[in-house]
Amino acid sequence: MPVHLVSRRPSPTTASFTVSNASRHISTPAKLFFYFQFLLRGIVFAGVLSFHAARFRHVFFSQDSFVPWSTVWSSSLGVSLCRIADTTNFAVAALASVLVLYGVFLKGYTEESLLVIRGLGIQTSTSSPTYLFKAATRFIPTTEIQDIVIHEAFKGFEVRFYLAVVVVGEPEVVVVFPKLLPNRAKLEEVWRGSRHCLYDSKP
Amino acid sequence: MPYNIAMVSDFFFPQPGGVESHIYQLSTKLIDRGHKVIIITHAYKGRTGVRYLTNGLKVYHVPFLVIYRETTMPTVFSFFPIFRNIVIREQIQIVHGHQSLSSFCHEAILHARTMGLRTVFTDHSLFGFADAGSILTNKLLKFTLSDVDHVICVSHTCKENTVLRASLDPLMVSVIPNAVVAENFRPLHATNRTNDRSGATPQIQPTPRPIGPNDIITIVVISRLFYNKGTDLLIAAIPRILASHPNVRFIIAGSGPKAIDLEQMLERNVLQDKVEMIGAIRHEEVRDVMVRGHIYLHPSLTEAFGTVIVEAASCGLYVVCTRVGGIPEVLPQHMTTFAKPEEDDIVLATSKAISALRSNKVRTERFHDQVKVMYSWTDVARRTERVYKGISGDISPQEFYGYYPGEIQEAGSDRIRNFSLIDRLKRYYGCGVWAGKLFCLCVVIDFLLYTFLEMWFPRANIDIARSWPKKLNEANNSKPERERLGSTS
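Keeping their order, the protein sequence lines are chains F and Y. Just add 3 to wherever you are in the first sequence, counting from 1, and you've got my numbering. Just add 556 to wherever you are in the second sequence, counting from 1, and you've got my numbering.
To be clear, the hints were calculated from the coordinates, so they are not data collected in a lab. Hints are supplied without guarantee of correctness; some may be wrong.
[Said to hold, decoys possible] A few chain Y residues that don't get close to chain F, going by computed Cβ distances all over 12 Å:
(1) S577
(2) G835
(3) F956
[Unchecked claim] Estimated spans, in silico, between C-beta atoms of each pair:
(4) Y:I978 with F:N24: 40 to 46 Å
(5) F:K158 with Y:E819: 48 to 54 Å
(6) Y:S634 with F:F39: 44 to 50 Å
(7) F:Q126 with Y:A1016: 32 to 38 Å
(8) F:A99 with Y:S634: 36 to 42 Å
We put the CB at the ideal spot given by N, CA and C, even for glycine.
Whenever a hint applies, use it, and build me the whole structure from the sequences.
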């Protein structure tokens, strides 16, 4: 998936750079598909939940509380659901539903960002792979930033460029976009922009 | 026309040594001539990743398994993906491998030919033909060199050796000697560097006192104490030399497996007060040890070039050495006394050298300036550049290889190695009955691997690295510029 960079500069002292490998949904069908897949995720999620509800209907969902369970289970959809739930092997079904639930919450893309605020510091963030967790962030105050550099390193069978922040007192540098590792042109744009924002230096 | 050159070898800094400093010096001088040079070597302890040295020399320390004496595991193909990536991102045109024992270098040459790049190989050492290890190495060398574009040897003896070992066309082998940085090897009584630079005002320098008949003469030996460096000869010769010349002292620097034999000899003959052993020294300290002596003794049994004797002569030492390998080519007659590699002759030659010094027949104080004129890395770089031009077709084959009217046309046309697979296979097939087929198999697999890599890691996805910014005055390779460069070093 192609990585793209979005840089925003709401004020001269603030800059935010976001790289992402998500598709950008420019055309109308792409947008429609994007919302459709949310709908699909919802349906699948509801399906898995109702499957397990049907499996445990005698334990938890037998009394009529504010939901009339007995009418739900005796409806035509409820009867077929109960039949499927009772006939399938539970171990297989449990494993499959865990995988499906993970798939429902899986984002399918990675988004990494760098937020630079002059006089305050910079914050790097890497999105989590699922919708369940927040992005992992790291804030580095200006006083601890020694330098921001672009360098190369071996990764797998390749040599890749990376943007790194040298932090005072730490033996290892903080890599800014560690998962996506965008190409040199993008890194140079981020490097120029962030240095300009931090130090007001002419690039 | 500037080239993008990749120097590939297992041997590079931080490990000290002759090949390592050769690669470094040559690369720096080539950069001065406007080329772009990178070095590919394996990762050393504490030295990994991508590094820059002085003058924008980029070094890739590829993480790789090291098996024996800093040589990597010969895996033939596993180096290819990372090598291809580096070559593409640095836009390399010429791959220059160094040293026959480096598996990195052989693999790089094979892969570079598969990728359609020009290749040069520099041989720094001599090998035998008889023992099993040599036969294996020679076969491997033949494999790599069947398809190399040009070979550089450090001396004519080395060239002869390589031509025989790899069955090469002698015209494809050039001889470019090593050089020394003469400024780092100045005699004790030389003027300091700043005075020397001005040149116009000759300083009154304190001339060394001539050696009297009873003055102590110090003989320096700096070598790794291995069998092939002639340590056994040294062990046999030292007591005899000291017996016949009471006013002689020895300084021996270096370490190795023969050090224990040497120490035993000293104890047996009670020579500890006349022979000083100072153990292994760093390359920067070599000069400081050398200037303590008057004669440099080099009893090596095999030597492709012998940079150390040039360094010794540059320090103003009279050189006694064995007439082996490329050594006789290195220094002019008046700086050296030659000996056969046997005990009696070494004793005789050393005695001759001592008496020559005592009678003030040798003007050792002039050696430094003479060596400075003879050996310079700038000159080495210029000659290497000519090789690059020759293989890239920037100078005509007639000019590069020489024009021989009686020559058969086919022999001449074969020197320019084309990249088509079938022609490459033909060259490899001639390597031997079984070896030829095996080598062809390797080449075919390498080619398939290359096409696979082109699909799996497309060229378009590889970032092109930025070149080190060139200095403006050195970008133009005009004639006065060349002369200025040539005169300063």
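Each hint tested on the structure:
| no. | hint | verdict |
| --- | --- | --- |
| 1 | S577 | holds (25 Å) |
| 2 | G835 | holds (34 Å) |
| 3 | F956 | holds (34 Å) |
| 4 | Y:I978 with F:N24: 40 to 46 Å | holds (43 Å) |
| 5 | F:K158 with Y:E819: 48 to 54 Å | holds (50 Å) |
| 6 | Y:S634 with F:F39: 44 to 50 Å | holds (46 Å) |
| 7 | F:Q126 with Y:A1016: 32 to 38 Å | holds (33 Å) |
| 8 | F:A99 with Y:S634: 36 to 42 Å | holds (40 Å) |
No hint from the list above goes unmet by this structure.
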